[in-house]
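*Asks:* The chain contents come next:
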Amino acid sequence: MNLLNFTEKPRLVRQYLAAPAVILGALFLAPASHAASDCSIVAIQAMASADTTISAADSVAEPAPHCRIDGYVTTTNPGPNQVNFRLQLPDKNWNGRYYFIGVGATGGAVPTDSQIPAGNPILQGFAVAGTDTGHQSIASWSFLAESKAKALDHTHRGAHVTAVATQQITKQYYDVDSMYRYHSGCSGGGRMGMEIITRHPEDYDGVLLGAPGIGPKRGAETMLAFIYAAQQMHREPGAWVSPAKLAMAENHVTQACDALDGATDGIIWEHEVCSYDFKQLQCQSADGPDCLTAPEIRTIDALLRGPHGPQGRIKSGFPISNMSSWSLFLGQGAPPWPETITRENFHQASAGYMIGNTLAQAYFGKDFKGLTDFDFNNQEQLDAWWAAAEELGYGYSMSTDISGVSKAGGKIIFWNGVSDPCCIDKELVKYYNDAGATLGGMDKMAAFTRFYRIPGMAHCGAGTGPQDAPDKMLNALIDWVENGKPPAEIVTHRGDRAELSFSDPDTGTVSGVVVPPSAGSPRDFLLCPYPQKSVFNGKKGGEADAENWSCQSS
Amino acid sequence: MKRQLLSTLILPITLTTSTAFFSAPAMSQIEEIIVTARKREESLQSVPISVTAIDTDSLREKSIENPYDLTLHVPGMTVRQGSATRTAVDYFIRGQGATFGSASGVVVYYGEVPLKGVGLAGSNLQLFDLESVQVLKGPQGTLFGRSSTGGAVLFAPQKPTDEFGGYVDTKVGNLGTQEVSAALNLPLWEDKLSVRGAINIQRRDGFTESQSTGQDQDDRHRETYRLGINFKPVEWLENYTLLQHNNVDEGPTGAVLASVNDNFALFNTTPLQGAGWFGIAAPPLPFPGLENGGLCWAINPGNLAGYQSCSTQRLGLIDQLKNDLDTELARVEGGGSIRKNLTAIDGAVKGRSQQIINTTTIDIGKMSFLGDVSLKTILGVNRITRSTSIREFGATQYSHGVVINGYDLVGFPQQIAPFGNQKTSFGDDFTQEYQILGDINGKHSWILGYFNEEVESAYNPPPVFLTFNNAFQVPIGNTTFLFPSTSASVNEQTGIFGQFTVDLSDMLLDGLKFTAGYRRTESKNTQETYQLIPGPNGFTVGPLINPLKFSESAPSWTATLDYQINPDVLVYLAHRRGFKPGGINGTSAAAGIPGSRDTYDPETLDDIEVGIKADWQLGSVSGRSNVAFYNSWYEDVQRSEVVPTPSGGVITQINNTAAAEITGVEMEHQFVFNEQVQMFINYTWTDARYTKWPGFTETIDGVMLPNTKSPFIGTPEHQATIGVRYIVPMDQAYGSLSLYGEYYRQSGVWLDDESLVSFPRRTGYQESYDNVNLRIDWTNAMGSSFDASLYVRNAMDDEWIVGSNSLIDALGFQTNTWNEPRTYGLQLRYRFGADEQK
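Chains as they are written, first to last, in the numbering used here: chain R, 136 to 689; chain P, 340 to 1177.
Derived DEER-like restraints, expressed as beta-carbon distance ranges: (1) P:G655 to R:S194: 38 to 44 angstroms; (2) R:N672 to P:I815: 43 to 49 angstroms; (3) R:T211 to P:Q754: 55 to 61 angstroms; (4) P:V813 to R:G401: 29 to 35 angstroms; (5) P:L1044 to R:K501: 28 to 34 angstroms; (6) R:K504 to P:P933: 35 to 41 angstroms; (7) R:R440 to P:G655: 38 to 44 angstroms; (8) P:K1048 to R:D518: 54 to 60 angstroms.
Residues from chain R shown here face chain P by an in silico Cβ test under 7 angstroms; the list is partial: (9) G239; (10) G243; (11) A244; (12) I273; (13) A274; (14) S322; (15) R478; (16) H482; (17) V645; (18) V650; (19) P651; (20) P652.
FYI, nobody ran anything at the bench for these hints, they're computed from the structure.
Each residue gets a CB set at the ideal place from its N, CA and C atoms; glycine is no exception.
Please build the complete structure, drawing on both the sequences and the hints.
*Replies:* Have a look at this one:
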């Protein structure tokens, strides 16, 4: 395998920005010596175990010539349930790597492209697999209450059995005994990563795990937080805060807190140290685009504080940085919101609430309406939430024991957007520290894990942070797994400096992008492994270049 | 109510005819018309089939210029514009036309050879130098093959005769009309070899003006050349060859905006609300199944500024388009001229086609009990050497509904360019028919036949369809093919048929005859669809993506009892079965979904018809009355249906789901009052209704309506024409002067297959309308060989629609094509040789 260290070659890459994908393609190129087998249902079925059914095997030209295999694993006890998967095996230049796509939210559809990093890894020679996690509910947890088998398969079993099945086929297809196996996902895909490292550590050699949305109880707090936010939107007339008002507020906050981290670069690197009194922005007379009404200020304060119950904090509040990214979870349009799950309604209403409420319904019954029926001051109801989570086997306390990965020789990179209002970075930090404690020390943790907090990044992307952070972290993970080079600082980029690994070499475009790009002029971001911090050297006008930043222990 | 009306209309006539033949044998002054409805020459009045025949003189005297004019003169027929050009003629007889994407229910024959639905030779047929036009009503499946559930239209060009003669016929009129028809008949070898050449050249300005481009639409610029050669070397052998060349090079058909669908999803660009905004500007969502962002997201996946400016620009294009549609609709609804429209680019229709027909008749002579036997072969080939069109639906000055056919795309952004290889050759389109005909003692007759048709089509560029002001094109100035595939197909139809007529006079009743016929038609279709790969130098044909094969076999039959009460009166009772072929459900073929079908079956039409044909005399008035009453049972009708899939989705397929019943009366009456005054009255009553059509259609307002509420297309309930000719008494030395006027009225008619989706709006509905045509003919002017005529067509300049473009669901608007406005002019004809004697 050839060496994959992009971080050492930024200039080279930048120089050829006109055709960045061509360069990336050349760097990734690892001529395959493995003879590909027949791409037919019969041939592939012969490579599979008895629980695996191949329903299609076709030679497909796009995005790169490959054998596209559709099939399912039948799970039993509880079961039977059908866990669908797709496996894409490149015809030429297989790079000896297997990539499993972690899927966000509730799963429910077999992915066609990698979500995070975006694009199709097959363009770089990966064998690519993905699953619907054993159900077909779009953006809904309703299936959890309908079938124990589906609940279990979604939680962890489905991804495990399809990984086993597709890895077996891949090895036989290329006639190899071993290969490098990677898993990458964010949000729901990060949650899948959490299940892997705690329950199936032997499945992968490297796991890139972003924003899993873990809370103090290491369970389904995120969905409770969405219900809480929606209740705040309905708390009083005028409580909803529009995307335009949030953008206005973000500007004020950024101006106030930008310099606290030592660099006036439009990025609040540490949202914990920023506090802002929104009463400064209160409208003096009538409502206007440049001020906040009293109900709006009350809403912002409530969201920053986060949901609390009789026994205290349920989950951290939204980070104060990049407030305009809150809209995905507050509703881009004002209430009342439509309730049916459609793409259009997910844009208009609070996507977070719509999906969160389906979990409440899975826990409490189909007619439950989190907006009006859930009382955060009622401890009995909170207890019932956790009891239901445990009963259904989904959304309850995740283990902090990840020693299995260490034993299996695997590597993990955790990451989280600093400004993610869904899946709060502070809480992943806490999990990281707790897992270290379970292992018996952070030095043991550092032997096989890293954690990067991504400045300016909202939920799995967007915001004003780097755009190619997942791509760069994946490269670092591969380098660690295959070349034993532990990740350290990682240079990432925004704007047209960004180098997206899975872009189409012919067109430069990236398929299957699910998160909008970050906003702002082209620049670098130096990412440092937690607990190190990225520190600017103060060079005037040098904020955009990684060479003016360094990783320092705090 | 309807029944009552029927009886009042029928009774007096039947009584009159009875009186006529019982009181005095009719001395008809109405000339005999020969028809070929049963593939042999017979008198119109003795054929037990409902036929309207218009001979060459009538075509001229009634100013019948184009197929649309037949609506006025053929009871039971309507003609609509079949697609976005007037040259695509869609005949409806007894409720059967080319609806819902099916083949036409009416077959068109030209010189005994069936014409295809496409091809300029047929659909753009110029009505000149014809011997006759015959319209056969009801299923004609036995002798005329499949897809004749409604009937058949037979155009017969003039054959060469043994006498020298000919004419030059010119027309000048308003709209810059200039037309010349001429024929020259030359006997080259007495009684053995004769040739006839005929030409028709038409020039006329358009009558629809584009307000945006200024283009004159609906003009005419066409030429047709014919050469007929008849060779009769010996008494028992006759060989007739017809060569025809057609050329069309004119502007497009003008369509005029009629309605705009304000609920059309893609027109709504309101952020977070409208499908237009979602289609263009929506960002993605990190939820599987809901992740897809709009177009601007897809083309700027890593570029926020590009995504935003793209959204602003493209949403602006849609708003611009919608505003334009609204403005134009306000103009039309405010009483603005329907002779004006809006177009985005200059359109054109260019076509060139050639046709060769050869018929050979061999008289074998008497063959024992088979009687006098003759053989006939009919061969036809057709080729298209040019066929391109750029046309649009006339609704807006921005590209939205521009259809470009026959062009390749080159460069990048891709732009249209001539496609070099669109010619077909004679061997690609070939029909052959062999008949053995027998006549036993002039009483019984029989026919056996074999028919074969093979049409091959090669790869052609798919249509280019410009829509939504290019808001969804990438880049914006780019043009793309409507679908990325091209097909080559071979369609073969083979029919074996037989029919006999037995004279039962000696066995049962004098004048009683029984006719029975049967045909088995086999259809084989092969279609191979290939991926089409656009490129800067034009498209190339990629790998095979979908091979389809389809074959079916279906019967059709006829059984008729006719009774010649006396030489002037025939009554008959007929039953027939006709069918339209089945086909392939491309979309659901491999789905394996319960209820889905790979293919669908033929749809059938059975009818029972009773008719009377009578020549009669009442006092000094002689007349002819032909009346037919029929009921048709239309079963297994092919309609699309929605089938749910196990995973919660749906597929759409065609299935034999619907049924309908059509009842009607058609009557033609001719009256000759005296040497000066002649009159005719035609009347049709049609009642067509669906008896079964499962499922619902969602209207553009979101209301679910049962499919059975769908209006029946092309079937006005009442149609009537009255025509009067007055021959001015004058000295024959000055020639003969006749005045002719006709008045037509019909009740409302639906012309849009998809009108149900816009209920309660009545898109594609033409209210009851009337039409007046006038003509003065001065024949043998001043005793010369010149004829002079003045004509006014559509004298009251009435306006009615002849076609409706069903786009309200697909593009958010609907346009109509209107009739020709008032035209008037002077026609001058010079006859020579044998034609001089007419």
